[in-house]
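One line per chain: the protein sequences are A and B, in this order.
For the first sequence, the residue numbers in my numbering are 348 to 461.
For the second sequence, the residue numbers in my numbering are 2 to 113.
None of the hints are false.
Straight-line C-alpha distance at most 20 Å; calculated EDC-like pairs for lysine to aspartate or glutamate:
| # | chain 1 | residue 1 | chain 2 | residue 2 |
| --- | --- | --- | --- | --- |
| 1 | B | 61 | A | 449 |
| 2 | B | 53 | A | 449 |
| 3 | A | 404 | B | 95 |
| 4 | A | 404 | A | 416 |
| 5 | B | 57 | A | 449 |
| 6 | A | 356 | B | 43 |
| 7 | B | 78 | B | 17 |
| 8 | A | 418 | A | 371 |
One side only, chain A facing chain B, incomplete, derived with CB under 8 Å:
| # | residue |
| --- | --- |
| 9 | 390 |
| 10 | 448 |
| 11 | 449 |
| 12 | 450 |
| 13 | 455 |
Ranges between beta-carbon positions, derived for each pair:
| # | chain 1 | residue 1 | chain 2 | residue 2 | range |
| --- | --- | --- | --- | --- | --- |
| 14 | A | 389 | B | 77 | 17 to 25 Å |
| 15 | B | 77 | A | 433 | 29 to 37 Å |
| 16 | B | 3 | A | 420 | 27 to 35 Å |
| 17 | A | 414 | B | 83 | 41 to 49 Å |
These are computed hints drawn from the structure, not numbers from a lab.
Keep in mind that this is a model prediction, so the values were computed, not measured.
Glycine residues also receive a C-beta, built at the ideal position from the N, C-alpha and C atoms.
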Amino acid sequence: DGGITQSPKYLFRKEGQNVTLSCEQNLNHDAMYWYRQDPGQGLRLIYYSQIVNDFQKGDIAEGYSVSREKKESFPLTVTSAQKNPTAFYLCASSFTGPLGYEQYFGPGTRLTVT
Amino acid sequence: GNSVTQMEGPVTLSEEAFLTINCTYTATGYPSLFWYVQYPGEGLQLLLKATKADDKGSNKGFEATYRKETTSFHLEKGSVQVSDSAVYFCALSDPGAQKLVFGQGTRLTINP
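For reference, chain A alone in the conformation it holds in the complex (with noise of 0.2 Å):
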């Protein structure tokens, strides 16, 4: 099966702590995203990477951290710089072929700080 895979699925840190947020991807996508969503929100891109060695920053990197050593996987690390880190946070992986472009979704990871 194909897909996109984000694990855990929830998360308790205690404030103060760094934590990786994994994503892993089958689908042979080039490009990788991280996205926030905080509740009753829209998504807020966090960071891309369109190959891999190579990412860039979106809207909010601030707080954020990640790498991209392996084609398949893309993970986000949540430093303790991140003031507000409570939320749910998505990873998309992306392709362009004849039909276009169309980024895909995994089912996130809802990430509870104390």
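Given the coordinates of chain A, work out where chain B should sit on it, guided by the hints.
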């Protein structure tokens, strides 16, 4: 820059009612347009898309037509079901940037 504006929610309808969720966009060039659906506690699912003017995207009874003259991509369904209750996001892609720009989402609730 590119932007997407959706109608304010929440929207509440009775089962079998006609649905329209408005979406307008501002973009340079010729973006592709998308509708995504998000069920509670889940990620977004691609519902339909259109890649050029006058294209109609359709899926699961939902339709949207890419109207360049009015810069719109309104989502419609003739007869909604309780299972259509979700949050719907309109989005556009900038061909050069390989990113999506999302609207703020519209929460839809269908009552039996």
